[in-house]
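**Student:** With chain A's structure known, arrange chain B on it following the hints.
Chains as they are written, first to last, in the working numbering: chain A, 191 to 530; chain B, 191 to 530.
The set of hints was computed from the structure by calculation and includes no laboratory data.
Mixed in with the good hints, there may be bad ones.
It does not matter which identical chain is meant; a pair holds if it fits inside one copy or across any two.
[Said to hold, decoys possible] Subject to a maximum C-alpha distance of 25 Å in a straight line, what follows is the list of computed SDA-like cross-link-like pairs (lysine to any residue): (1) 239 / 357; (2) 252 / 331; (3) 526 / 470; (4) 523 / 491; (5) 363 / 240; (6) 509 / 308; (7) 288 / 442; (8) 355 / 317; (9) 288 / 336; (10) 399 / 521; (11) 288 / 243.
Remember, predicted model here, so these are calculated numbers, not experimental data.
Number of protein chains: 2
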Amino acid sequence: MKIVKVLGITALATTIALGSSLVEKVKNSGIKPIPSSNYELLKLIDDPKDPITNAKVELGKKLYFDPRLSRSNLISCNTCHNLALGGADNVGAAIGHKWTANPSHLNSPTVYNSVFFDAQFWDGRSAHLADQAQGPVQAGPEMAAPKDLVEDRVNSIPEYINEFKTAYGDNVKINFERITSTIAIFEKTLVTPSRFDQFLHGNENALSKEEKKGLNTFIDKGCASCHNGIALGGTLQPFEIAAKYKFAEVGDFKGNAQGMVKTPTLRNITETAPYFHNGAIWSLKEAVKEMGSTQLGIKINDKDADDIVTFLKALTGEKPTIVYPVLPASTDKTPKPSFD
Amino acid sequence: MKIVKVLGITALATTIALGSSLVEKVKNSGIKPIPSSNYELLKLIDDPKDPITNAKVELGKKLYFDPRLSRSNLISCNTCHNLALGGADNVGAAIGHKWTANPSHLNSPTVYNSVFFDAQFWDGRSAHLADQAQGPVQAGPEMAAPKDLVEDRVNSIPEYINEFKTAYGDNVKINFERITSTIAIFEKTLVTPSRFDQFLHGNENALSKEEKKGLNTFIDKGCASCHNGIALGGTLQPFEIAAKYKFAEVGDFKGNAQGMVKTPTLRNITETAPYFHNGAIWSLKEAVKEMGSTQLGIKINDKDADDIVTFLKALTGEKPTIVYPVLPASTDKTPKPSFD
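This is chain A alone, in the form it adopts within the complex (with noise of 0.2 Å):
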């Protein structure tokens, strides 16, 4: 009787919540729209000691596509984080300087809606995306360029001096961490609003029926208890693989001292392939069974999963439109390129 009860309950419960009440049901697991509007949007990311602004985010788009801003002129940000492709490279390892692989063999993450996330790379280590530009660009498997390289290729370079003038003011010191964090606030813009938004907004044909569906489902298995905030993932999370791998298995990378992860995000997640820390599985169906398996401890059969699937197909967002840029000569004094 209890089982049938408790059983009576769940179906009346999945009734409901496809009906308008699914956006509370979202919203009291953790998951939050991205702002409707420009004001509120901008409330939440921006930092009044340095704000957004034009010229910030046009100097930073010049930054975040120059690969003169690594060691071999080869690399740029947006080779690891390709805007063209959901904000990541579509290979396993991440692959740089040298054509070296990631030494933990770590999956670039999407830079899209990386703003909302607690914490910056897979371990969480940076707070901000301003402190995580400067990792990949002097990280010997990837950009491999020192602070001073970087510092000397911009400074030698009299059209990047004049923008960092306009954006700062004339007094600016172009020094390595000026120039990070003006990468970080071109970053910051990446943002990629859905359909899910709109639902969540409350316009309810903004999702099809299959895709409600679907997402009740995410929220009723559990994914929501890690995939949560704007971004549907960004936080720090208990590294659950132990259990079911031995750490060298899966490219021996355990986490941050606490053995917590950083929960990818699920915005734009169909375009983001191959998935999880290590860059392991293409598929995301596979990829939804294997989480219900390691960090839920649940089996996620296969109608459920291409249910989960068919929601987080409506997480791909409205790209920001960006003009590719025209960026400025080399000059004589520009550092050369070194490939050793």
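**Tutor:** Frame of chain A, contents of chain B only:
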């Protein structure tokens, strides 16, 4: 008396040339402007058998920027012919798959204005861009993707299939040749008119007095004997380095079977350092002097080289506005990257 007279005539000719007849002098040297009307331009670059259409250009742009056309998913046409960097890559020898430098130490030529070249590649072995585009995609040290891999990747992505149908009709066969010829149609649009063209079209004030002086020196020194046509380059010319260097010293590239080499375009030349087939020289002034010595067998002094460089800067053109594409996502059927 005779010598004095000759010098007198030369001096007079120079004075006249700095006036309006400099345009005639330039045209007599074989240099031509980019047509000022789209009508004339299209007549020049369009192929009635495969006409330029907006649908093909937009699709070609996506393919041009798509790193999934490479074996590794990491290298696109734009990696070496970067539209943000003068259409080239700012390194000496091109570097491709597995961080492999071009075996002949060849430098990536710019894609801008390449539609005006008589021949493509440093040895001119391709007659046109559609043929050229097939080379680097397949070449082991470049994108390293066999034809069938490229075809399988593109045909695994329904949005690409739809775009090919829109561009070419429902019966289109999406094979390697069609993929690369579509890239070439995008490349045909990469034309960069400059102040020099305005000058040749009759706007005498489009060039400064100093630029006109440099242009005059450029013609007088004989630079236009190779750097002519619309591109100020792009024709096959005798490769004279054997008189000054051993081939092994300069990358071991010997030109084509007849010892001819494709002259690089001088348009946007300030943006495409390093110079020469082997990217050996970074300074434009030094490059001018080296060409005088190697190709023309004359000594160009510092002052004349400075004047010529002043003129060359006026060849920097207006780049087309390119919205960075959002590429269609891979599917479960899309062949995976490999890195070996």
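**Student:** Which holds for residue 523 with residue 491 at a C-alpha limit of 25 Å: within a copy, between copies, both or neither?
**Tutor:** Classified as between; 22 Å across copies, 61 Å inside a copy.
**Student:** Between residue 363 and residue 240, at a C-alpha cutoff of 25 Å, which is it: within one copy, between copies, both, or neither?
**Tutor:** For residue 363 and residue 240, only the intra-copy Cα distance (14 Å) is at most 25 Å; the inter-copy one is 53 Å.
**Student:** Go through the copies and call it for residue 239 and residue 357: within, between, both or neither, with a Cα cutoff of 25 Å.
**Tutor:** Classified as within: same-chain Cα gap 14 Å, cross-chain 49 Å, threshold 25 Å.
**Student:** Using 25 Å as the alpha-carbon threshold, which applies to residue 288 and residue 336: within, between, both, or neither?
**Tutor:** both (16 Å within a copy, 23 Å between copies)
**Student:** Between the shortest in-copy and the shortest cross-copy C-alpha distance, which are at most 25 Å for residue 288 and residue 442: within, between, both, or neither?
**Tutor:** both (22 Å within a copy, 24 Å between copies)
**Student:** Cα distance capped at 25 Å. Does residue 509 pair with residue 308 within a copy, between copies, both, or neither?
**Tutor:** within (22 Å within a copy, 39 Å between copies)
**Student:** Can you tell me if residue 252 and residue 331 fall within 25 Å by alpha carbon in one copy, between copies, both or neither?
**Tutor:** Within one copy, since 23 Å is at most 25 Å while 28 Å is not.
**Student:** Could you place residue 399 and residue 521 in one of the four classes (within, between, both, neither) given a Cα distance threshold of 25 Å?
**Tutor:** between (58 Å within a copy, 24 Å between copies)
**Student:** For the identical chains here, do residue 355 and residue 317 meet the 25 Å Cα criterion within one copy, between copies, both, or neither?
**Tutor:** neither (27 Å within a copy, 47 Å between copies)
**Student:** When Cα atoms must be at most 25 Å apart, do residue 288 and residue 243 count as within-copy, between-copy, both, or neither?
**Tutor:** Answer is neither: 36 Å inside a copy and 40 Å across each miss the 25 Å cutoff.
**Student:** Regarding residue 526 and residue 470, is the shortest C-alpha distance of 25 Å or less found within a copy, between copies, in both, or in neither?
**Tutor:** between (37 Å within a copy, 12 Å between copies)
In this structure, the earlier hints numbered 8 and 11 are contradicted, and the remaining ones agree with it.
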